[in-house]
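Put together the whole structure using the sequences plus the hints.
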Amino acid sequence: MLIYILRRFGIALCVAVTVSIVSFSLLHMSGDLATAIAGPEASATQVETIRVQFGLDRPMMSQYIDWLGKAVQLDFGKSFYFQGPVMEMVAERLPITMKLGGIALLLAVAVAIPLGVLAAIYRDTWLDRVALLIAVVGQAMPSFWFGLSLILIFSVTLHWLPVAGNEGWENFVLPAVALGYYAMPAMMRLTRAGMLEVLGSDYIRTARAKGLGKGKVIFKHALRNAVIPVVALAAVELGFMLGGSVVIESVYSMQGLGQLAWDAISRNDYPVVQAVVLIIAMFYIGLTFLADVINALLDPRIRTR
Amino acid sequence: MSILLEVKNLRVDLPTENGMLHAVRGIDFQVKRGEMLCLVGESGCGKSMTSLALMGLLPRKAICTADRMAFDGTELLGLPDKKLNQLRGQRMSMIFQEPMTSLNPAYTLGNQLCEAMLEKPGVTRAEVRERAIYLLHRTGISNAEDRLRQYPHQLSGGLRQRVMIAMALMCGPDLIIADEPTTALDVTIQAQILRMIRELQREFGTAVVFITHDLGVVSRIADRVAVMYAGQVVETADVAQLFASPQHPYTRGLLNCIPVRGKTLPGSKLQAIPGVVPSLVGHVSGCVFRNRCALADAACEQDPPMVNTAAGDKVHYARCHKATAADAVQLNEAA
Amino acid sequence: MTTISTSSLPTGPTTQTSSFLQAAIKPVPPWRRMINRMLGHRGLVLGAAILAVIVLAALFAPWLTPHDPFEQNVSQRLIPPIWNALGSWDHVLGTDKLGRDYLSRLIYGARVSLMIGCAAALISGVIGTTLGVLAGYFGGRVDALISYIITTRLSMPVVLVALAMASLVGGSLKVVIILLGLLLWDRFAVVTRSATQQLRDAEFIAAAKAIGASTPYILVREILPNIMSALIVVITLEMAHAILLEATLSFLGLGVQPPTPSWGLMVSEGKSYMFFKPWVIVIPGVALAVLVLAINLVGDGLRDVNAPDGRN
Chain Z
0 MLIYILRRFG IALCVAVTVS IVSFSLLHMS GDLATAIAGP EASATQVETI RVQFGLDRPM
60 MSQYIDWLGK AVQLDFGKSF YFQGPVMEMV AERLPITMKL GGIALLLAVA VAIPLGVLAA
120 IYRDTWLDRV ALLIAVVGQA MPSFWFGLSL ILIFSVTLHW LPVAGNEGWE NFVLPAVALG
180 YYAMPAMMRL TRAGMLEVLG SDYIRTARAK GLGKGKVIFK HALRNAVIPV VALAAVELGF
240 MLGGSVVIES VYSMQGLGQL AWDAISRNDY PVVQAVVLII AMFYIGLTFL ADVINALLDP
300 RIRTR
Chain F
0 MSILLEVKNL RVDLPTENGM LHAVRGIDFQ VKRGEMLCLV GESGCGKSMT SLALMGLLPR
60 KAICTADRMA FDGTELLGLP DKKLNQLRGQ RMSMIFQEPM TSLNPAYTLG NQLCEAMLEK
120 PGVTRAEVRE RAIYLLHRTG ISNAEDRLRQ YPHQLSGGLR QRVMIAMALM CGPDLIIADE
180 PTTALDVTIQ AQILRMIREL QREFGTAVVF ITHDLGVVSR IADRVAVMYA GQVVETADVA
240 QLFASPQHPY TRGLLNCIPV RGKTLPGSKL QAIPGVVPSL VGHVSGCVFR NRCALADAAC
300 EQDPPMVNTA AGDKVHYARC HKATAADAVQ LNEAA
Chain G
0 MTTISTSSLP TGPTTQTSSF LQAAIKPVPP WRRMINRMLG HRGLVLGAAI LAVIVLAALF
60 APWLTPHDPF EQNVSQRLIP PIWNALGSWD HVLGTDKLGR DYLSRLIYGA RVSLMIGCAA
120 ALISGVIGTT LGVLAGYFGG RVDALISYII TTRLSMPVVL VALAMASLVG GSLKVVIILL
180 GLLLWDRFAV VTRSATQQLR DAEFIAAAKA IGASTPYILV REILPNIMSA LIVVITLEMA
240 HAILLEATLS FLGLGVQPPT PSWGLMVSEG KSYMFFKPWV IVIPGVALAV LVLAINLVGD
300 GLRDVNAPDG RN
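Residue numbers (numbering that gives the first Met the number 0), protein chains in the order written: chain Z, 0 to 304; chain F, 0 to 334; chain G, 0 to 311.
These are computed hints drawn from the structure, not numbers from a lab.
A hint or two may mislead.
[What the hints assert, rightly or not] Just a few of them, taken from the derived set where beta-carbon distance is under 8 Å, the chain F residues facing chain Z:
no.	residue
1	84
2	88
3	92
4	100
5	101
6	102
7	104
8	150
9	152
Built from N, CA and C at the ideal position, the CB exists for glycine as well.
Right, here's the structure in full:
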């Protein structure tokens, strides 16, 4: 079991490095960074000055190695635009995005699992169809539009919740819903499919034969087995949410990591973009790793190998 | 001995794509307290469906009807779930055929052994645990205390089935329904488990409905036998009577198929009953065995009556037109 | 169901007893059965119908649109749609801030979305399927390498990388198609890889090898047709994904550039007015949702028809 974890950890590390290489190359190859930073009105000499100043004239390989070396020490260099250390900016914004992602995931799970269980128990009834309808409609709406619609309904028309910002807990409600709703259908369907499969298995029949009540059969015996892949999926979805938060944070004007990345992209502030991409990738890798560990912990067949 | 389980005219129908499948077509049988009744039949004769009907575990789509299906006087059909759950596990329990998949992989054996009994009011955890250890011992499992903490996947099939048996005995049920409990096991283990079931049954005075397709098993452990064919009981008798003088052509055919050491000549052909079981989908009438029976004639187009072929107060029923009633007492059953 | 299936009884005896003979059932060819199943699946039929309407509307856009989608008319700006008191039949869905007819922009926007959806799905499909089939068929180191590539791609935040690259290169229809095509191949790879793995040891593959078929032949003529059903499901789902991503990119300003009508762009253009003139963002959003819904229904329906009970 320990070897299993260590091996997964090693692979995770390699993947992280590879991601950083790929994103580094992609960015540097997409266009001339020096020109982009200098802006469209700059003269050729200004561009050259910038190129030397930021070390963009050196071979890409050595640029990367330098960057990686510093990144490992959590020094992501200085922001082109703000002249301050990137790490500070990231550290300031990260908690907000994580809070947002966490709440979004909790909401999604809180809806997905019960709905999936009900859909499985009352299979092919109106309840099941409604659940599937919600799932299918949920995955059809673009998140930015859903976010705007929520503002229209709850902030503008009903005045229940604020429009923008991230000071109090009220500010997190709508964005969390807008961020989480997209993950809900996948988890609901997985729960439903898992429950259907488990409910047809022999050990459920044994449990019923022992005279256990419906609730015990469903929650103790069935759900416990059916929910394992859903928990793993939830961890992965959290990773996706962190990556996709840029849209929601933009719509709700929240000062999170996504918004930071967006600002940096608009301003061609590449050290910041590099850093954010790497950090989010690390989180995603960490979460998928966590998902594997959870899988192993929850399923005794793997745990006691 | 009083009658513990009484079944009259049990029918189970399953809607399928091709029509209604009549899996069980009006069977009757009784089980007395402490008695081992063997339900014998080939695959698809409806014996498993019968057991599931008794325990209320039929699939959702199945339609189950009966004139009477009573456990110790309580009518089982139509019993609300809450009352049924009070009987299941406590006074009636079941052992299934596949030990490899019948236990929940996520919980320890101890947890699964004890949970049914913990539902009983007034029992303490310690009592339940002790009983679990005791029963694991009695079913031949060593290191019972350690086993409680183990998970199903850590045990072999034979051991798991012993755990299932122990689990069925936990609450001291009056009736155990065993659906081919040894079919999925190695032959050597089979013999051990059979012997154990018989011993425990006698010791605890539990009635058992033992479902099997193996006549050898029947001869070893049964008190009484009910032979099933194509959804009906075709013969019911004490075990000795059945083997000594089988009254139904199907039973006779089955017994002929078994090679006997000493009697069957080496190199001679194995016997088989010609023909195959007819489809039970859609309308079925008349004697269902007639397409394979040497004695069949025009009379067999009618549903055959259940005839008691034994004299005195003995009972040996056969569902056949050609069976001769000993006391000219016929019991007509709707097929 | 784990209870024994008594419907597995053999149908019909081998002897001549008449009352047991079932009427012989005429065999139905497999493709016909598939069509029947598809027609019976309500979601699939509904989705296909909606999709057909949208595709036809997009194809016949020049004949259907009442106005030129690019024609600006500042005196006619921000007229509400027909269900509002101030609306008029001249502009059934109203106009935007530059006076352009919304219905016309909507229909032309369908072209943009469909084009991008198809093209991006095609490009990523080719990339992903190639990788997946190679990984699934050859196994070993090839599989290890490709799986590693897939994991790397999955670990990258797609939206951010796409945004960054679009920002550098400059947003446009072509750029969006290429970007999405290069970034969305992962699900193709994963699905075709596992489908190929399941086929790899099948007998007909061994038979093909035995008659001396070359590897490319086997891959294209034997494996590909057999993973087609799974592949089609993924194509529809990734089409929907691409359409949503394009809308997001355009919304943020880094996708299709104005004045081209893209539904995402239309939402972003109307954002500043949304508090007073909500239809400006509601209409394109609903259109997006309906299109993606239709595609998802078709994809899910195909998946159900091929393998029910969510086995995929």
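Tested hints:
no.	hint	verdict
1	84	4 Å, holds
2	88	3 Å, holds
3	92	7 Å, holds
4	100	4 Å, holds
5	101	5 Å, holds
6	102	6 Å, holds
7	104	6 Å, holds
8	150	5 Å, holds
9	152	5 Å, holds
Hint compliance for this structure: no hint is broken.
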